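Novice: What follows is each chain in one-letter form.
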Amino acid sequence: MKKNLQIIQPKLSLLALPLALIFIAYFIVPLALTVMVSFWDYTEYSIVPDFILGNYLYIFEGCFSFQNGLCLTFKTYISTFFFCFFTWAITLFLGFCVAYFLAFYVNSTSLQITLFLICTIPFWTSNVIRMVSWIPLLGRNGLVNDFLLSIGVIQEPIEWLLYSSFSVILALVHLYTLFMIVPIFNSMLRIDKGVLEAAYDLGASQFQVITNIIIPLCKPGIIIGSIFVITVVMGDFLTIGIMGGQQLASVGKIINTEMNYLQLPGAAANSVILLFITIFVIIVMTKFIDIRKEL
Amino acid sequence: MHKTNSIGFFVFLTIFIGFVIFLYGPIISIILLSFQGPTGGLTFPLNGFSLHWFRELWQGSGLVDISASFKRSIQLGIFVMILTVLISVSAGLAFRKKFFGSDLLFYTSIASLIVPSIVLSLGIALEFRLIDNLIILIGEGLGIQSIIDNFQTSLGMYTSGFGAQLTWTLPFGLLIMFAIFNRFDKSLEEAARDLGATSFQTFWYVVLPIIAPSIVGIALFGFTLSYDELARSSQVMGATNTLPLDLRGLTTTVTTPIIYALGTVTTGVSFLVIGISISFVYLLGWKRNNQEKSKI
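Chains as they are written, first to last, in the working numbering: chain A, 43 to 337; chain B, 46 to 341.
Simulated from the structure, these hints should not be mistaken for lab results. In this text the structure is predicted, and so the values were computed from the model without any measurement. Heads up, the beta-carbon is just placed ideally off N, CA and C, and yes, glycines get one too.
Among the chain B residues that face chain A by a calculated CB cut under 8 Å, a handful are:
#1 F145
#2 S162
#3 I169
#4 A209
Chain B stretches covered by chain A per the calculated footprint, using a threshold of three residues with CB under 8 Å from any CB of chain A:
#5 51-58
#6 73-80
#7 122-134
#8 137-143
#9 276-287
#10 294-306
#11 309-320
Generate coordinates for the entire structure from the input sequences, incorporating the hints supplied.
Specialist: Shown next as structure tokens:
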């Protein structure tokens with residue numbers, strides 16, 4: 043038997059080779075090239091191998107003088123962080139409540155799976171359609187405005203329901219709350235129910251149980267969910283573009299615009315900065331957990 | 046454990062129901078609006094009932110050729126689904142034992158999941174543009190006429206496009222494999238080996254039937270995430286457009302319910318695939334239960 047196993051060993055690791063090759067070709071090399079090209083020069087129609095800091099200097103032009111207020115880059119990052127923060131806070135609250143309901147109030151496993159699937163199914167449908175589907179509700183003549191007008195709360199249709207920061211955050215929450223639900227729900231399922239019963243028996247209120255037992259034990263799930271939501275919003279350009287009516291700024295949109303004008307080294311420099319900020323955020327958050335243990 | 050008549054239950058039940066309405070309300074509204082009559086607009090109330098907008102969609106009616114990009118997206122989705130299943134299942138098997146670089150590979154796939162999509166899309170586009178430059182350089186250097194005359198770009202659905210989508214689907218596939226193997230009872234395999242099964246037989250007759258429902262899950266992720274993928278695909282599809290790319294273009298130009306009709310159709314395809322997958326998983330579970338019962 044020993045002998046048999048030894049023959050299998052070296053073959054087994056080869057099974058991971060296709061995965062490694064795909065990541066090398068479509069993840070590692072592209073990111074390395076992005077860093078490289080961020081130091082290149084460019085003309086109107088081509089990119090020129092070089093080693094210049096111009097692309098970076100251009101991004102931070104006027105950023106450290108503060109004479110004319112904030113520079114474009116800082117404004118863009120502040121706008122991006124604004125969307126990150128609100129989306130994160132709302133998805134965390136909603137995701138936690140939904141996961142809590144599923145984990146602790148639904149006792150039958152099959153009902154739990156069914157309700158969980160109901161939350162998951164939209165994730166497998168088109169993001170663009172899920173954004174477009176807000177138009178009949180939030181538009182100037184949409185359902186929300188109609189309703190508010192008919193009950194007399196407002197006299198004029200509200201204009202900021204669609205193509206605004208509000209609709210961007212609403213759509214982001216709509217798209218990405220699932221990223222919070224799944225890891226938090228996963229953490230909650232691992233909590234020993236006996237611990238909760240003990241707490242209740244000793245007279246703890248539900249609120250105390252949530253804040254003193256469940257939240258600390260769900261910390262890994264909360265952090266994983268937060269990483270997903272924050273990183274996806276940091277690089278977002280589609281939701282902020284479509285739901286913001288192409289009027290709002292984000293780092294992802296700058297990169298996208300520069301690419302459309304074939305200013306590839308500029309886009310690369312912006313990408314490198316975005317990548318470093320994202321990595322920094324992740325490192326800070328993963329200080330607390332080991333992702334691999336949570337699966 | 047929690048008393049179901051408590052106030053807390055109603056609070057969380059309300060939040061849950063509210064969330065489900067929030068999830069499905071918008072999509073239901075556009076499905077309703079897509080069945081309007083020819084005078085229908087982008088908002089309620091419904092103006093009549095007909096299949097007018099689906100007919101318009103089918104005939105193209107001056108829009109981009111939706112049916113072609115629809116077909117392309119489905120083909121690419123199937124291709125990415127097959128690759129996702131094969132690559133993640135085989136890697137999942139490898140990851141059961143520690144091997145050289147296994148930690149690095151694991152963290153790379155997590156990184157691939159959370160890297161900003163636009164950054165990766167740019168990187169892959171750059172990679173293939175540089176390959177283009179190289180090809181043109183070689184073509185001119187060696188005087189290869191066909192390259193000089195005809196070569197445009199190496200960017201395309203099956204060169205750069207599918208790879209960009211795999212960086213998104215593979216991490217999900219791998220995570221599903223991790224989840225199933227972390228709960229896998231290894232004594233079953235040991236029993237098979239003790240009874241003289243070869244490693245292939247052990248995989249085929251013991252491991253595969255147990256992980257089959259998860260493989261269906263991976264296939265579901267592989268297809269639907271590819272079929273709807275936009276952020277990573279945005280820069281790397283070359284001359285052709287997939288359905289989500291066309292859809293994004295339509296959001297800024299189309300002002301008729303035709304876009305809702307398209308939304309209904311593509312959501313219908315997604316639901317169909319999800320439905321097939323879920324019934325498949327149930328069927329597998331039901332079959333296994335029956336087999337166990339018949340053995341007793």
